Amino acid sequence: MSRLELRHVRKAFGGLDVLADISLSVGAGEFVSILGPSGAGKSTLFQLLTGAEHGAGEMFFDGAPLDDHGRHFAFMPQRDALMPWRRIIDNTTLGLEVQGVGRKAARARVAPLFAEFGLVGFERHFPAQLSGGMRQRAALLRTVVQERDMLLLDEPFGALDALTRAALQRWLEQMWRHHRWTALLITHDVREALYLSDRIYVLSARPARIVREIKVPLPRPRDPTAAAAPLASALEAEILDILLNPQPFKGHDDD
Amino acid sequence: MLASSSTRPRRVAGFLAKSAPAVISVGLLLVTWELYANHSGIKPTILPAPSRVLEQAILNRGALIDNAIPTIRATLLGFACSLSAAFVFSVLVDFFQPLRRALFPVFIVSQTLPLVAIAPLVVLWFGFGLAPKILLVALVTFFPMLVALVQGYEATEAEIGQMLRAMGAGRWRVFVLARLPSALPYFFAGLRISITYAVVGAIFAEYAGAAKGLGIYMLNAKNNFRPDLVLAAVAVSAVLTLVLFGLTVLLQRIAMPWERVGREPSGKGRRG
Ligand SMILES: Nc1ncnc2c1ncn2[C@@H]1O[C@H](COP(=O)(O)OP(=O)(O)O)[C@@H](O)[C@H]1O
Ligand SMILES: [Mg+2]
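Chains A and B are the protein sequences, given in the same order.
Per the numbering used here, the very first residue in the first sequence carries number 1; after that it's consecutive.
Per the numbering used here, the very first residue in the second sequence carries number 256; after that it's consecutive.
To be clear, the hints were calculated from the coordinates, so they are not data collected in a lab.
Keep in mind that this is a model prediction, so the values were computed, not measured.
Please note: incorrect hints may appear among the correct ones.
Computed cross-link-like contacts, SDA-like style, restricted to lysine to any residue with a CA-CA straight-line distance of at most 25 Å [unchecked claim]: (1) B:K477 x B:I324; (2) B:K467 x B:V485; (3) B:K477 x B:N315; (4) A:K104 x B:W513; (5) A:K104 x B:P512; (6) A:K104 x B:G423; (7) A:K104 x B:W427; (8) A:K104 x B:M511; (9) A:K104 x B:L435.
Residues on chain A that point at chain B, a partial pick, calculated with CB under 7 Å [said to hold, decoys possible]: (10) T50; (11) A52; (12) F75; (13) P77; (14) R79; (15) A81; (16) P84; (17) W85; (18) G95; (19) V98; (20) F126; (21) Q129.
With beta-carbon atoms standing in for the labels, derived distance ranges [what the hints assert, rightly or not]: (22) A:E116 x B:E412: 19 to 29 Å; (23) A:A28 x B:A335: 49 to 59 Å; (24) B:I509 x A:D161: 33 to 43 Å; (25) B:K467 x A:R124: 44 to 54 Å; (26) A:P65 x B:R356: 29 to 39 Å; (27) A:Q99 x B:V489: 54 to 64 Å; (28) A:P219 x B:L347: 53 to 63 Å; (29) B:R356 x A:P246: 39 to 49 Å; (30) A:E123 x B:R515: 10 to 20 Å; (31) B:R508 x A:G158: 26 to 36 Å.
We put the CB at the ideal spot given by N, CA and C, even for glycine.
Throw the hints in and build the complete structure from the sequences for me.
See below:
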């Protein structure tokens, strides 16, 4: 049963076609990635989902048209979007505060999660005092604690160094196995998509359309060292081939 | 508390090291002036030496303080009015963009009015009381503060706004939670500049007509051929400006504690 379903979603900014034709679905408890080159329009898709922008086409959540945008998604923007003036604890309770949860109750709800997110002892720190990896974990904590139906993660590890990114990918995979969030992840990192996802939608360059849907039948817990395993590397090669050798599209292409 | 007692001497030393260039340049200026005034043969009634200015300032300290108080009052009251008005208008402009196009040309024109011409008129219309001073201080500080605030709101990270909207926040929540705090650095930058304008504005207003105040004191001293007293009053206004400037810096440190921690990471921070 799919929770989120998009049918022929399109979006243009002025004369610039950004999303040409996006149809996809995300099932309950499924981890799905959208993989595409930079500038393809991935973040724009999240803007449509969160209601920041309006496009053409149909969007459904649990079968109902997606109109009240605030309700279903916990959104983590591309940059961590931590507020520099709020201490980590107050950054993580932001979503609850907006929902109207009292300050004390909100803190009580996030406090037990600090251990799991590796942030114990940093509750009273300001974001500027944290490393990039910790900031991303704090941003993720702020996102999941909202307990929405679905997570929208926009390149959560894009700005990190390779080592930190690998560590956080392992950590997120492990977290996901415990919590089974329904999640849609945007990334331009093929291995990240393979490592974390149940399914991957591969996007073309702008104007974006879905050029391939790939199931990732790798067993969980995912073994990071098995990245070189035959199936994983076959999938990686397949995706890279799609991304690097785009088929000429026979539709209305301006360039 | 052990930590603070051991870092204090280092902080004091740091402060002295930082202020040394300023002290040296001002000191050199005063020494040059002193030597020139004493050895050039120019009469002290034309160019008094700094030592004489200081001496006369001390002698006339009663009158100087007496005249400084109305100036301080006019500066602070005028600036408070201007700040409140700038804040209200900045919020209005942020919420209703068309207002910006309607109001900004008027405000920009208000900035081009020459104070020399306007000050006597304002005094003519509003008398020798506090009102014309407040008006003139507001005239010179309102627009810089408005621009600082509006620019500050616009410096809000787009992602933060989008995230708050997705959380379900309305425009007002987004303003209070994100736009207002984002504007703080701009606000304080504007505050530091405007507070110096405010003192100048108040003195100008008094110069154009007042019962008491540093401005009218300067005018009277000039008319009595006492440049030493004019300069003594100038020195008082300079000290006043510096103190107010220092207060804004202090206020910023108190209002924005995250600014400091970012630069000097505490022991526990900065690990991955
Ligand atoms: N609000 C906007 N107005 C105009 N153009 C936009 C806007 N948002 C995004 N774009 C354009 O859409 C394209 C896709 O951007 P984006 O969705 O951020 O790409 P991605 O996240 O895949 O890197 C870019 O060319 C960008 O300039
Ligand atoms: Mg993006």
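Tested hints:
For the given pair, K477 of chain B sits about 20 Å from I324 of chain B by alpha-carbon distance, which is consistent with the 25 Å threshold. Among the hinted pairs, K467 of chain B with V485 of chain B is consistent with the structure: their alpha-carbon atoms are about 15 Å apart, no more than 25 Å. In summary, the hint linking K477 of chain B to N315 of chain B is supported, as the alpha carbons are separated by about 15 Å, within the 25 Å threshold. Our distance criterion of 25 Å between C-alpha atoms is met by K104 of chain A and W513 of chain B, whose separation comes to about 22 Å.
Proposed proximity of K104 of chain A and P512 of chain B is supported: the alpha carbons are some 22 Å apart, at most 25 Å. Proximity of K104 of chain A to G423 of chain B is assessed by CA-CA distance (about 20 Å); at most 25 Å being required, the pair is judged to hold. In summary, the hint linking K104 of chain A to W427 of chain B is supported, as the alpha carbons are separated by about 23 Å, within the 25 Å threshold. Between K104 of chain A and M511 of chain B the CA atoms are separated by roughly 23 Å; this keeps the pair inside 25 Å, and the hint holds.
Distance restraint check for K104 of chain A and L435 of chain B: the Cα-Cα separation of roughly 23 Å lies within the 25 Å cut-off, and the hinted pair is therefore satisfied. The beta carbon of T50 of chain A comes within 4 Å of a beta carbon in chain B, closer than 7 Å, and the hint placing it at the interface holds. Contact between A52 of chain A and chain B, as hinted, is supported at the beta carbon level, the nearest pair being about 5 Å apart and thus within 7 Å. With its C-beta approaching chain B no nearer than about 4 Å, F75 of chain A sits inside the 7 Å limit, and its interface hint holds.
With a least beta-carbon distance of about 4 Å to chain B, the hint placing P77 of chain A at the interface is held under the 7 Å criterion. Among the interface hints, the one on R79 of chain A holds; its C-beta lies about 5 Å from the nearest C-beta in chain B, closer than the 7 Å criterion. Using the Cβ-Cβ criterion of 7 Å, the hint placing A81 of chain A at the interface with chain B is satisfied: the shortest such distance is roughly 4 Å. Because the beta carbon of P84 of chain A sits about 5 Å from the nearest beta carbon in chain B, less than 7 Å, this interface hint is met.
Annotation: W85 of chain A was flagged as interfacial toward chain B, and the flag holds, the nearest CB pair being 5 Å apart, inside 7 Å. Proximity of G95 of chain A to chain B holds as hinted, the smallest CB-CB distance being about 5 Å (cut-off 7 Å). For the restraint placing V98 of chain A at the interface with chain B, the shortest Cβ-Cβ distance is roughly 4 Å, inside the 7 Å limit, so the hint holds. A distance limit of 7 Å between C-beta atoms decides the matter here; for F126 of chain A the minimum to chain B is near 4 Å, and the interface restraint holds.
Taking 7 Å as the C-beta contact cut-off toward chain B, the hint placing Q129 of chain A at the interface holds, the least distance being around 4 Å. Checked against the hint of 19 to 29 Å, the C-beta distance between E116 of chain A and E412 of chain B comes to roughly 27 Å, which is consistent with it. Checked against the given bound of 49 to 59 Å, the beta carbons of A28 of chain A and A335 of chain B, roughly 58 Å apart, stay inside it. One distance hint, 33 to 43 Å for the beta-carbon pair I509 of chain B and D161 of chain A, holds here, with the actual separation near 35 Å.
One distance hint, 44 to 54 Å for the beta-carbon pair K467 of chain B and R124 of chain A, holds here, with the actual separation near 50 Å. Roughly 37 Å separates the CB atoms of P65 of chain A and R356 of chain B, a value that falls within the hinted 29 to 39 Å. A C-beta distance of roughly 58 Å is found between Q99 of chain A and V489 of chain B, which places it inside the suggested range of 54 to 64 Å. A beta carbon spacing of about 60 Å between P219 of chain A and L347 of chain B agrees with the range 53 to 63 Å that was offered as a hint.
Between R356 of chain B and P246 of chain A the beta carbons are some 45 Å apart, a value that agrees with the proposed interval 39 to 49 Å. Take E123 of chain A and R515 of chain B: their Cβ atoms lie about 19 Å apart, and the range 10 to 20 Å holds. Between R508 of chain B and G158 of chain A the beta carbon distance is about 34 Å. The supplied range of 26 to 36 Å therefore holds.
Against the hints set out earlier in the document, no violation occurs for any number.
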